[in-house]
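Student: Here's the letter readout for the chains.
2 protein chains.
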Amino acid sequence: MSSSAHGPDRWEKLSEAKVASTRIFDLTGAIYRHPRRKSEREFSLIRSRDWVNIVALTPDNKIVLVNQFRFGLDDFSLEIPGGIIDEHESPLHAGLRELREETGFVGATAQLLGTVSPNPAFQTNRCHFVLVENATASADLAWDEDEEIEVRTVPVEDVLAMARSGVITHSLVVAALFFFEEPWRKMKSQKAPQSV
Amino acid sequence: MSSSAHGPDRWEKLSEAKVASTRIFDLTGAIYRHPRRKSEREFSLIRSRDWVNIVALTPDNKIVLVNQFRFGLDDFSLEIPGGIIDEHESPLHAGLRELREETGFVGATAQLLGTVSPNPAFQTNRCHFVLVENATASADLAWDEDEEIEVRTVPVEDVLAMARSGVITHSLVVAALFFFEEPWRKMKSQKAPQSV
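Line order of the protein sequences matches chains C and E.
In this text, residue positions in the first sequence follow this note's numbering: the first is 1, and each later residue adds one.
In this text, residue positions in the second sequence follow this note's numbering: the first is 1001, and each later residue adds one.
Calculated directly from the structure, the hints in this document are not laboratory data.
All of these numbers come straight from a predicted model, not from anything done at the bench.
Just so you know, even glycine gets a beta-carbon here, dropped at the ideal spot from N, CA and C.
Do not take every clue at face value.
Selected chain C positions facing chain E (Cβ under 7 Å, derived; list incomplete) [stated by the list, open to error]:
| id | residue |
| --- | --- |
| 1 | G7 |
| 2 | R10 |
| 3 | T58 |
| 4 | N61 |
| 5 | S77 |
| 6 | P118 |
| 7 | P120 |
| 8 | F122 |
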């Protein structure tokens, strides 16, 4: 069913100008014109680089979590590792790099679980979710300035339960777990019962 | 395992000042002090009201979706209905209201599926996910200014597949589906096989 005969129109972007710049994003104002109404409106956008979040699975089926103080929440937040993708860097390379720098865990291979728009209403960037299997703690930490991170490994089923019960609250972590659940069910069914 | 003996410290917030104001959020600069290093740093925050996103299930097990032009993405985005919670409004009331205003679908009851932080790193608000069962198209639309929405109803399993395959890309919609999947599996097992 559709609510109108023609459907919503594609607005035309006329211009975009920077309003403010921060360390991790720019606030811009974009002028758009509606194609039929011809009206012009300004919409505020948060423009930032693409992000990567990593589901790192240890050989004993635990997920690598990081606990850190988060300024938006003004509190600690338990999350999967993640960060900003460098220019010309692939999501898979960025995933392995951020995992190593933030947690010291190293994995040989990475695969893409899925990609989302953090918020298509006003954020311009994408966030990629990367699965790293057989991750082991073997590298030195390389935290960014202001990073101070507690690293934990938690059994997969416990992590899923922590997301469902509100212990893990970051929406991008929850979204990553949505993508991880289906391959995880397949992995579980291929492993010996005593190992899951 | 833990990466340090004492764990990460809780930063102390000294002040916060508005940098820019937009229709849907304020950009602020918050000065925080690290309790041990005594260093002060400014962190940029996006301060906005809490949001609600609604999983509205029709009597024939379809989810109500909205397709609209999104300025952050500069493209159309297929999502579940959602919006901003009014002051003093409960998430459940806001969910029923936004569903009715955006899609014309009305449900008798609403229940909370889960709550997330859209981005604890720099966003201060929460997003609540609300389940509305037995939703039927029975109210007039009441779109906000600039809203122009195509309403569709899509079978639940197709919606889940659309999220997994990247047709639905909004991270908050994907997170809502994470919370919805477990009650959905229980609902399915309680319904007659031919009705799912």
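Student: Taking the closest Cβ pair, is P120(C) under 7 Å from chain E?
Tutor: 4 Å, holds
Student: With 7 Å as the cut and Cβ atoms as the points, is N61(C) at the interface with chain E?
Tutor: Because about 15 Å separates N61(C) from the closest Cβ in chain E, which is outside the 7 Å limit, the hint is violated.
Student: Does the interface hint hold: is F122(C) within less than 7 Å of chain E, judged Cβ to Cβ?
Tutor: 5 Å, holds
Student: Is the shortest C-beta separation between T58(C) and chain E less than 7 Å?
Tutor: 10 Å, violated
Student: Should the hint that S77(C) touches chain E count as held when the rule is a Cβ pair under 7 Å?
Tutor: Holds: closest Cβ of chain E sits about 4 Å from S77(C), inside 7 Å.
Student: Hold the hint about P118(C) up to the distance rule: shortest CB distance to chain E must be less than 7 Å.
Tutor: Since chain E brings a Cβ to about 5 Å from P118(C), closer than 7 Å, the hint holds.
Student: So, R10(C) near chain E? Judge it on the closest CB pair being under 7 Å.
Tutor: With a closest approach of 6 Å, the R10(C) hint holds.
Student: May I ask you to test the interface hint for G7(C) with respect to chain E, counting a Cβ-Cβ separation under 7 Å as satisfied?
Tutor: 5 Å, holds
Violation of the numbered hints given earlier is confined to hints 3, 4; the remaining hints are satisfied by the structure.
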